[in-house]
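Protein chains: 2
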Amino acid sequence: MDKICVLRLGHRIFRDSRLSTHVLLVARAFGAEKAYYTGDKDKNLENSICKINIEWGGDFVLEYIKNEKKFILNWQSNGGDVIHLTMYGLPVKDTIENIKTSKKPKLLIVGGAKVPGDIFSKADWNISITNQPHSEVSALSIFLHEYFSGKELDLEFSNPKVKIIPQKNTKKLVTKK
Amino acid sequence: MDKICVLRLGHRIFRDSRLSTHVLLVARAFGAEKAYYTGDKDKNLENSICKINIEWGGDFVLEYIKNEKKFILNWQSNGGDVIHLTMYGLPVKDTIENIKTSKKPKLLIVGGAKVPGDIFSKADWNISITNQPHSEVSALSIFLHEYFSGKELDLEFSNPKVKIIPQKNTKKLVTKK
Chain A
757 MDKICVLRLG HRIFRDSRLS THVLLVARAF GAEKAYYTGD KDKNLENSIC
807 KINIEWGGDF VLEYIKNEKK FILNWQSNGG DVIHLTMYGL PVKDTIENIK
857 TSKKPKLLIV GGAKVPGDIF SKADWNISIT NQPHSEVSAL SIFLHEYFSG
907 KELDLEFSNP KVKIIPQKNT KKLVTKK
Chain B
757 MDKICVLRLG HRIFRDSRLS THVLLVARAF GAEKAYYTGD KDKNLENSIC
807 KINIEWGGDF VLEYIKNEKK FILNWQSNGG DVIHLTMYGL PVKDTIENIK
857 TSKKPKLLIV GGAKVPGDIF SKADWNISIT NQPHSEVSAL SIFLHEYFSG
907 KELDLEFSNP KVKIIPQKNT KKLVTKK
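Residue numbers (the working numbering), protein chains in the order written: chain A, 757 to 933; chain B, 757 to 933.
It is possible that part of the hints are untrue.
No copy labels: a pair is met if it fits in one copy or bridges any two.
[To be verified] Calculated lysine to aspartate or glutamate pairs in the EDC-like style (CA-CA distance at most 16 Å, straight line):
{"id": "1", "residue 1": "Lys928", "residue 2": "Asp874"}
{"id": "2", "residue 1": "Lys860", "residue 2": "Asp874"}
{"id": "3", "residue 1": "Lys924", "residue 2": "Asp880"}
{"id": "4", "residue 1": "Lys799", "residue 2": "Asp850"}
{"id": "5", "residue 1": "Lys932", "residue 2": "Glu912"}
{"id": "6", "residue 1": "Lys924", "residue 2": "Asp850"}
{"id": "7", "residue 1": "Lys927", "residue 2": "Asp880"}
{"id": "8", "residue 1": "Lys759", "residue 2": "Asp815"}
{"id": "9", "residue 1": "Lys907", "residue 2": "Asp850"}
{"id": "10", "residue 1": "Lys878", "residue 2": "Asp910"}
{"id": "11", "residue 1": "Lys849", "residue 2": "Asp910"}
{"id": "12", "residue 1": "Lys878", "residue 2": "Glu853"}
The hints are simulated quantities; they were obtained by calculation from the structure and are not laboratory data.
Between the sequences and the hints, there should be enough to build the whole structure, so can you do that?
Here is the structure:
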């Protein structure tokens with residue numbers, strides 16, 4: 757699958773911890789290679805993603821960055837595309853095919869409490885899922901689902917300790933030896 | 757669109773308030789008619805959904821229920837289907853076409869902190885999006901996106917006070933008089 761990374765803006769310890777964790781779990785489960793975050797540096801957030809990798813496999817990476825402006829500029833000058841997910845942007849259904857045709861590495865920006873205004877002008881794309889209020893977690897999942905055309909749902913992660921065997925009416929979790 | 761309602765289980769005031777709000781915003785934005793919730797009755801949660809309706813339109817309804825077991829049983833005896841979203845269930849991509857062919861009203865159960873074991877045996881369907889840990893917010897959005905085949909992204913809500921006009925590089929919000 758094409759390389760895609762996620763940048764979560766403005767994480768706040770305590771207030772955002774569960775939502776940021778969900779954003780990062782979606783990034784990992786839906787095929788992003790790596791995520792970056794800004795805001796408060798949060799050891800618990802990093803540990804929870806680390807534990808998920810140990811338990812469920814793969815080598816999804818989370819990295820804290822201090823300065824998103826420099827980072828975004830750098831991404832673009834290295835030949836990458838920057839896509840900002842926002843309810844104010846152009847509809848994903850009208851833009852996704854164009855976005856897919858560009859083979860550049862993609863940085864997906866997922867807003868936090870306050871998105872600096874210049875993200876809108878700096879991004880190569882400002883993309884909405886719907887123009888109704890919903891959630892950065894759902895915006896990220898629908899974008900990745902459309903971007904990978906559903907193939908991300910079949911992703912296998914290397915060296916998991918546990919694995920679910922899908923069942924009709926019960927739970928089945930096997931532990932690998 | 758076909759009738760579909762959401763049941764959020766085990767809401768806890770404070771700890772779940774933002775995640776439950778996101779679940780409910782996704783339910784509304786992605787075409788569910790109504791949502792129910794169990795756990796702590798939460799006036800703030802109800803008010804925030806009420807404000808969204810006033811501002812963004814439509815008549816999405818949120819209702820607190822005490823006893824989910826009785827409610828689920830009742831839904832089924834009135835001829836409805838119950839679908840439980842869980843990472844342990846059968847893959848959505850293998851089941852969604854079958855689910856769509858049933859024209860019964862659907863109740864989508866979205867777990868909270870602790871899902872009672874008998875939900876798995878009582879549900880008509882236990883459905884996973886992926887078998888990796890992610891988020892009830894993304895599970896709900898992907899399910900509704902698949903169920904409505906993307907048509908939910910074009911939903912219009914009646915009598916909004918504000919409306920976004922999608923833009924390439926800026927924000928545009930118009931206020932209706």
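Here is what the structure says about each hint:
In this homomeric assembly, lysine 928 and aspartate 874 come within 16 Å of each other (Cα to Cα) only across copies, at 15 Å, whereas the closest approach inside a single copy is 48 Å. Within a single copy, lysine 860 and aspartate 874 get their C-alpha atoms no closer than 22 Å, and across copies no closer than 48 Å, so neither meets the 16 Å cut-off. Proximity of lysine 924 to aspartate 880 under the C-alpha cut-off of 16 Å is restricted to the inter-copy arrangement: shortest distance 9 Å between copies versus 43 Å within a copy. Taking the shortest Cα distances, lysine 799 and aspartate 850 never come within 16 Å of each other, neither inside one copy (39 Å) nor across copies (38 Å).
Taking CA atoms no more than 16 Å apart as the test, lysine 932 paired with glutamate 912 passes inside one copy only; the shortest distance there is 14 Å, against 48 Å between copies. Taking identical chains as interchangeable, the C-alpha atoms of lysine 924 and aspartate 850 lie at most 16 Å apart only when they sit on different chains, with a minimum of 12 Å there against 36 Å within one chain. Within a single copy, lysine 927 and aspartate 880 get their C-alpha atoms only as close as 43 Å, which misses the 16 Å cut-off; across copies the closest is 15 Å, which meets it. In this assembly of identical chains, lysine 759 and aspartate 815 lie within 16 Å of each other by CA distance solely inside one copy; the values are 14 Å within and 41 Å between copies.
Taking the shortest alpha-carbon separations for lysine 907 and aspartate 850, only the inter-copy value of 13 Å comes in at or below 16 Å, while the best intra-copy value is 20 Å. Taking the closest pair of Cα atoms, lysine 878 and aspartate 910 never come within 16 Å of each other, the shortest separation being 33 Å inside a single copy and 27 Å across copies. For a Cα distance limit of 16 Å, the shortest separation of lysine 849 from aspartate 910 across copies, 10 Å, qualifies, whereas the shortest one inside one copy, 22 Å, does not. Taking identical chains as interchangeable, the C-alpha atoms of lysine 878 and glutamate 853 are never at most 16 Å apart, the minima being 21 Å within one chain and 41 Å between chains.
When the structure is compared with the earlier hints, violations turn up for hints 2, 4, 10 and 12 and for no others.
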